Every structure is written in C-alpha cells, then in structure tokens.
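Put chain P on the given structure of chain H with help from the hints.
So the sequence lines, in the order shown, correspond to chains H and P.
Using our numbering, you'd call the opening residue of the first sequence number 1 and step up by one each time.
Using our numbering, you'd call the opening residue of the second sequence number 1 and step up by one each time.
Hints listed in this document are in silico derivations from the structure and should not be mistaken for laboratory results.
Heads up, some of the hints might be wrong.
To be verified - Now the stretches of chain H that chain P is said to cover, found in silico as 3 or more residues with beta-carbon under 8 Å:
id	region
1	176-189
2	194-206
Claimed, not checked - With the C-beta cut set under 10 Å, the calculated list includes, among others, these residues of chain P facing chain H:
id	residue
3	N20
4	S39
5	G53
6	V54
7	Y66
A quick note: this is a predicted structure, and the numbers were derived from the prediction, not measured.
Backbone N, C-alpha and C define an ideal beta-carbon position, used for all residues, glycine too.
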Amino acid sequence: MTPGFDLWVYLSSTPLLWLTVTLIVWASAERIAIASGRHPAVNPVLISIIVLGAILILTGTSFATYFQGAQFVHFLLGPAIVAIAVPLYRNLDRVRENTLPMIAALVAGSVTAVVSALSVAAIFGVPEPVLVSLAPKSVTAGVAMGIAEQFGGQPALTAVLVVTTGLIGAIIVTPLMNVLGLKDYAARGFAAGLAAHGIGTARAFVVDEVAGTFAGIAMALNAVLTALILPLILYWFLT
Amino acid sequence: MPGPVIGLLILFAGLFVAQNFGSITSASVNDTTLGRGASGLLQHLSLLFVPAGVGVIDHLGLLSSYGPVLFLALLVSTTLSLAVTALVFTGIKSWQSGRNAS
Chain H
1 MTPGFDLWVY LSSTPLLWLT VTLIVWASAE RIAIASGRHP AVNPVLISII
51 VLGAILILTG TSFATYFQGA QFVHFLLGPA IVAIAVPLYR NLDRVRENTL
101 PMIAALVAGS VTAVVSALSV AAIFGVPEPV LVSLAPKSVT AGVAMGIAEQ
151 FGGQPALTAV LVVTTGLIGA IIVTPLMNVL GLKDYAARGF AAGLAAHGIG
201 TARAFVVDEV AGTFAGIAMA LNAVLTALIL PLILYWFLT
Chain P
1 MPGPVIGLLI LFAGLFVAQN FGSITSASVN DTTLGRGASG LLQHLSLLFV
51 PAGVGVIDHL GLLSSYGPVL FLALLVSTTL SLAVTALVFT GIKSWQSGRN
101 AS
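If we strip away everything but chain H, and leave its shape as in the complex, we get:
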C-alpha cells in the first residue's frame, strides 16, 4: 500500500473528495478567467460545470454522491445573500438616491423575466411541470428551488435553469449594455442582479463595486418580489 493509495481510500470514502475536486477545478477555472483578462465569454462557472460534469460522467459517479461533498459549497449560497447587507450598508447613500428608479426597474424587470420565459417555452409546447420549473429562473438558486417545489416543479431542474440563466446574463450583460449605450453602473449592476442573480452579481462585482452593490440589492429584491408575484402569473398563464 502506497501512502498515495491510502489517501485515495480515505478521500473516496468521505465527502471530502468531491469538495476538494470542486475547489481545485474552480481555482483552475479562475486562473483561466484571469489569464483572459476577465473576458465575459470566459466564465469560470461554465468552465467548472463542464469539467466537473465530464469528470463525473467519465468516473461513473452519480450526482447524489458528488453533492454529498459539494453541498458544503452549495450551503454558502444562503450566507452569501445575508452578506450583501454589508455593501448595502456601506453604499446606502448611493442606494437612497436611486430608490424610485430601483422600484420601477424591479417591477418591470421581474415581470419581464417571468412572462417572457414562460411565453417562449409555452409557444414551443413545453409541458406544465417544466414551465413551473422554468418560471423562477432569474431568482437566486436557493430561493428559486423553493419556489419551484412549492408549485409542483422540479427543484433540481430549476437549479440547472437558474445557473444557465446566470451564465447567459453574465456573458451578455457587458456587450448588451454597451450596445444600449448605458454607462450608469448603478443601472447596469441592477439589471445584472435582477436578470442573472448571483452569477450576474459576481460579474458586476468584477467590473465595479457600485455595480456589484446594486446587483446584490436587485438579486435580493427580485427573490422577494418573484416569490410574491409568481403565483398570480402562473395562475393566469396555466389556466
């Protein structure tokens, strides 16, 4: 028995293996993103998911086994939302100046996010349980999964759609805002956080701290508003 093999036996029997693999893959993906100069298309989340997914399929590991280790990372999604209180407190003056634009943009964006996704999917005949799983896709993962479960969707599918939404948003937000000619970092960040939750917020924090703060606020507000309006929209849409 080599020491390396002993270590392998120990790691593979505990959740630590997949936690370690997740962190190593993430650190490598971050290096690639930094080497690209944080180009929007080189997204570390997307790289990590592709690499980890390939490793799981090639080693014949089930997602349930993987998640026993990775859940420690997943758990931190909740505390991370709580942590937004700190930049919110620090930038409160900037936030106060923008109260009215934020409220208007929140309502318009939140309704647009849900109705446009449901409309496109419904036109192509996507069945109802999948529509319910799709509806909260702009909301941060932990909250969206709860909403999907409540209305008879599949939380695990919602998680995938949420992450995909976040990736699309994080990749297109910078070029889209440049095309629209919007230079206000508060508005750009708010849109990123509303449409693309934590992954959009992470992108916004990379670009600018003010953008990141507004993204974080939008993510938190949209989680609350979507939870409130989704029952009405689903009722109207599915009957």
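Relative to the frame of chain H, chain P by itself:
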C-alpha cells in the same frame, strides 16, 4: 419571505445598531471581521453556483428533448429582462433629474 433575505434584513438592522453604539461607520465596516468575511464570500459568489450547475448531468435526457427550446427561452428572457430593467432604471432617473432641474 425567503430565509436568506430575512437574514440580510436582520444583519442590515444590526449594522445600524452597531453604528449607533459607535463601533462601526460605513467607512470602517470593511476592516472588521464581519466586513472581511462578507467581502470574501461575495468575491467568490459564483463558485457557490457550481454544485447546483453540475446537476445538469441528471437532466441530460430531458434536455435532449426540450434543451434547445429551454435555452432559447432563457436567452430571449434574459436579454429582454436585462434591457428592460436597465432602460427603466435610467429612464426614471433622467425623468427625476429633469423634474428637479426645472
């Protein structure tokens, strides 16, 4: 209301209590243990979505039938909601400053 959002509000209120006791200001909060912890967590925010995203391997069957349509729905919806949110935000803001100026 979702649990993490309630947590955010409690911490936010707690920061104001701490400010009233003179232990922090908005300039110094980043140098506290709490401030460092919060910014550390937010700097690595996108890592936290990786485990949920890897769940895609359990849905490859569903995605082979509805994948392209779902992706189209996400692409259209994300583009529209980004644009609508940012345009409404800047529209209301310039309307507000125009009204204040006149």
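Results for each hint:
Only residues whose C-beta sits within less than 8 Å of a C-beta in chain P count toward coverage, and the region 176-189 of chain H has 8 of them, enough to reach three; the restraint holds. Counting residues of the region 194-206 of chain H whose beta carbon lies closer than 8 Å to any beta carbon of chain P gives 9, which reaches the threshold of three, so the coverage claim holds. Violation of the interface hint for N20/P is found here, the shortest Cβ-Cβ separation to chain H being roughly 13 Å, above the 10 Å cut-off. Look at S39/P: its Cβ gets to within about 7 Å of chain H, closer than 10 Å, so that hint holds up.
A hinted interface residue such as G53/P counts as satisfied when its beta carbon comes closer than 10 Å to some beta carbon of chain H; here the least separation is about 4 Å, so the hint holds. With a least beta-carbon distance of about 5 Å to chain H, the hint placing V54/P at the interface is held under the 10 Å criterion. For Y66/P, the shortest C-beta to C-beta distance to chain H is roughly 6 Å, which falls under 10 Å, so the interface hint holds.
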